[in-house]
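Colleague: Heads up: the sequence lines are chains Y and Z, in that order.
Residue numbers 947 to 1358, in the working numbering, belong to the letters of the first sequence in order.
Residue numbers 947 to 1358, in the working numbering, belong to the letters of the second sequence in order.
Errors might be hidden in some of the hints.
Same chains, same label: a pair holds when it works inside one copy or across any pair of copies.
Subject to a maximum C-alpha distance of 30 angstroms in a straight line, what follows is the list of computed DSSO-like cross-link-like pairs (lysine-lysine) [said to hold, decoys possible]: (1) Lys-1104 to Lys-1030; (2) Lys-1142 to Lys-1217; (3) Lys-1152 to Lys-1025; (4) Lys-1356 to Lys-1091; (5) Lys-1127 to Lys-1212; (6) Lys-1215 to Lys-1035; (7) Lys-1104 to Lys-1356; (8) Lys-998 to Lys-1132; (9) Lys-978 to Lys-1048.
The hints are simulated quantities; they were obtained by calculation from the structure and are not laboratory data.
The model shown is predicted, which means the values in this text are computed figures rather than measured ones.
2 protein chains.
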Amino acid sequence: MIKVEIITIGDEILIGQIVDTNSAWMAVELNKAGFEIAQITSVHDDEQHIIKALNNALTRVNIVLFTGGIGPTKDDITKQTLCKYFDTKLVYNDEVRLNIEKLLINRQRAINELTLGQAMVPENCTVIQNPVGTAPITWFDQADKVIVSMPGVPNEMKMAMTTEIIPRLQRQFDTPAIIHKTIIVKGYPESALALKIADWENALPKQLHLAYLPTYGIIRLRISGISDNELALEFEINQQANKLSEILGDAIVAFDDIPLEVLVGKILKEKKLSITTAESCTGGNIAHKITEIAGSSDYFKGSVVAYSNEIKQQVLHVPEDILGQYGAVSAQTVEAMALGVRRLMQSNIAIATSGIAGPSGGTIEKPVGTVWIAISTSNETVSRMYQFSSNRIQNIERTTQSALLFLLEKII
Amino acid sequence: MIKVEIITIGDEILIGQIVDTNSAWMAVELNKAGFEIAQITSVHDDEQHIIKALNNALTRVNIVLFTGGIGPTKDDITKQTLCKYFDTKLVYNDEVRLNIEKLLINRQRAINELTLGQAMVPENCTVIQNPVGTAPITWFDQADKVIVSMPGVPNEMKMAMTTEIIPRLQRQFDTPAIIHKTIIVKGYPESALALKIADWENALPKQLHLAYLPTYGIIRLRISGISDNELALEFEINQQANKLSEILGDAIVAFDDIPLEVLVGKILKEKKLSITTAESCTGGNIAHKITEIAGSSDYFKGSVVAYSNEIKQQVLHVPEDILGQYGAVSAQTVEAMALGVRRLMQSNIAIATSGIAGPSGGTIEKPVGTVWIAISTSNETVSRMYQFSSNRIQNIERTTQSALLFLLEKII
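Extracted from the complex, chain Y is given alone in its bound form (with noise of 0.2 angstroms):
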């Protein structure tokens, strides 16, 4: 099994500024491809710490990926330490140059010293151009060793590992295949889902792992697996799958890693059905949820944020009344709202949200976290009140993810 260290360089992760995302699609990718990541290190824009991170990562792995800390700019100076650690020095590289020259035509901007000094790079190093950024990716072999020093702008970095670390990476080491399977489960909290299928899980072949990963109202169980024998491995864990499935039945939501927006926006486009949304509480999430996967348009529409009570009124025509009588926050109103956006967006399907984020706004009778989630179809405009916690950002997603698995249930 061929081990992989991240090494993370920049002040701006160590001070919060930035969440580190690229470690997490970089094990994914490398998941995919044969490779195991041993751990994931932190560390500042400093020469001492760089250098001792690498060396501890090369006592445990073979392959260091490092990413950040080789802008233009006086703070990252990733390059210079590498260029120490390796006892070499700066060198002009002309292909480097062309390339920045390239992009900075592209963007229409002149170069000037900075970006030129992106075209020194190490003297032993392999040089593998960026085509999305001006730093050049420097690629070390030590002996049966790889060190990788790429950007730490997400963009530039995945196009670097896509199209060369991780296929020169797979030339030049042999890997096992690693097969994870996620299966996604609602209605249980983890602990009760663990009793429910302890016996399963005490019977598992030694060879899988499992793991619970719970979020918003879902838990994703993941069987987890390594051989030589993918085929083998394969077919094991899809058949303990299937005996999972025996155990939970109608509670399995699916059988894949994939988000709600996917499998449902799956499903909307295989039974032709067109969605909207009518969101006061979520503020437009359910529909940039939606929208972010590719090919939305085929059964997406389009939404009404009715935040003020006015534009419940006049948009979505809810009536004086109930908003009078019931409040915005209630059965009656969220129910409204859904049929409102779905006869004045004419989609088949409408969801509907209105509820108290916070952190103010809330009362005895409908604390902040209160919400209310309709969907109505042709067939039905049915609601359910459901109890959040105090803070905003978490509310507004948790009733995004409800919301959506209220909908998978009514079109599953």
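Guided by the hints, dock chain Z onto chain Y, whose structure is given.
Modeller: Chain Z alone, transformed into the frame defined by chain Y:
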């Protein structure tokens, strides 16, 4: 200067199934309280790996904070590992059990043997109750060092950090002042900005450090400093920020590290202006970003997500001949959309977007990434064209940020 290391435990991070957002949040809060993050390390749910990472961290720092790996299920082994490390055993804790029972009653769930197992805690530690989850926080003092294990569930971790862990650490350690000041700059590529401010940057006093953080059309410049004299440090940083302001003038968007949607919200509120959006390619993301901010109902009225042309016509009243003659992705359409939603929802200002988010749908004349953004006020309706990349998610995000930046220009 008191250094802290964060160790996140969980296979799900190392296979990339979840992104570690906890560490960035913890770093921000710890920084504010005068602690510096020396390193962030992500390790597997594996006894030897956890112990090795802990030993390594303790050679560098006096405080190690663990997150994750303390759920009720079999894959979580942090508690047992810490018992081994501290040569102690698990003992039953009545307070934890009471806390679990209280929680489960509120959630209308029954206690089971797994949740009950959470009441078993290492004998030699200080147990801190977790008011929002079943896994308690465990705090270990070892000579002058502190090791804390807390849940990986974000809201449980945040509650523990804010109410218990940071205050306790501040009582136990002598912390200096750390100040970060972020200045948001628009209109410069990174290297051009670096050249523009090179003289100023080179003359910065030694105790200050500058970092460049570019995202989506703006660059955040972060000046950081550390000192035992908080007032003197604040004075010095503000003085440097003033000098920078003289150099960059109008290119400075803000002197705070706040998201654009917060800045825009503050100005709209101050100026008593209401806003609406008409979104095609952003699919509700602008509305979502605006409504993530608490209090946004003071200035945000609503949105129409008009994904299909029929909704652009029927709901936003974009004339059919404009759509026919110029297409949905055009100055004419996006301006009509902005005007349409401003009239429909009666707001002072409206933003509209229309573009080809991709990955498909592009033509030679209008390739993927072509986006039009319009702003309509009572004085004018204006639009701009943008050319982004071929990546859908990025195009949505960049259009959203560009729209907020365009809006900012018009209201500042």
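Colleague: Each hint needs a verdict: does it hold in this structure or not?
Modeller: Hints, one by one, checked against the model:
For the identical chains of this complex, Lys-1104 and Lys-1030 are intra-copy neighbours only, at 27 angstroms inside a copy versus 40 angstroms across copies, given an alpha-carbon limit of 30 angstroms. When the C-alpha separation of Lys-1142 and Lys-1217 is checked against a cutoff of 30 angstroms, the pair qualifies neither within a copy, at 33 angstroms, nor between copies, at 57 angstroms. In this assembly of identical chains, the alpha carbons of Lys-1152 and Lys-1025 lie at most 30 angstroms apart only when taken from different copies (23 angstroms versus 44 angstroms within one copy). In this homomeric assembly, Lys-1356 and Lys-1091 never come within 30 angstroms of each other (Cα to Cα): the closest approach is 53 angstroms inside a single copy and 54 angstroms across copies.
Taking the shortest alpha-carbon separations for Lys-1127 and Lys-1212, only the intra-copy value of 19 angstroms comes in at or below 30 angstroms, while the best inter-copy value is 46 angstroms. In this assembly of identical chains, the alpha carbons of Lys-1215 and Lys-1035 never lie at most 30 angstroms apart, being 57 angstroms within a copy and 55 angstroms across copies at closest. Taking identical chains as interchangeable, the C-alpha atoms of Lys-1104 and Lys-1356 are never at most 30 angstroms apart, the minima being 37 angstroms within one chain and 35 angstroms between chains. Taking identical chains as interchangeable, the C-alpha atoms of Lys-998 and Lys-1132 are never at most 30 angstroms apart, the minima being 45 angstroms within one chain and 37 angstroms between chains.
In the homo-oligomer, the alpha carbons of Lys-978 and Lys-1048 never lie at most 30 angstroms apart, since the shortest distance is 33 angstroms inside one protomer and 43 angstroms across protomers.
Of the numbered hints listed earlier, those contradicted by the structure are 2, 4, 6, 7, 8 and 9.
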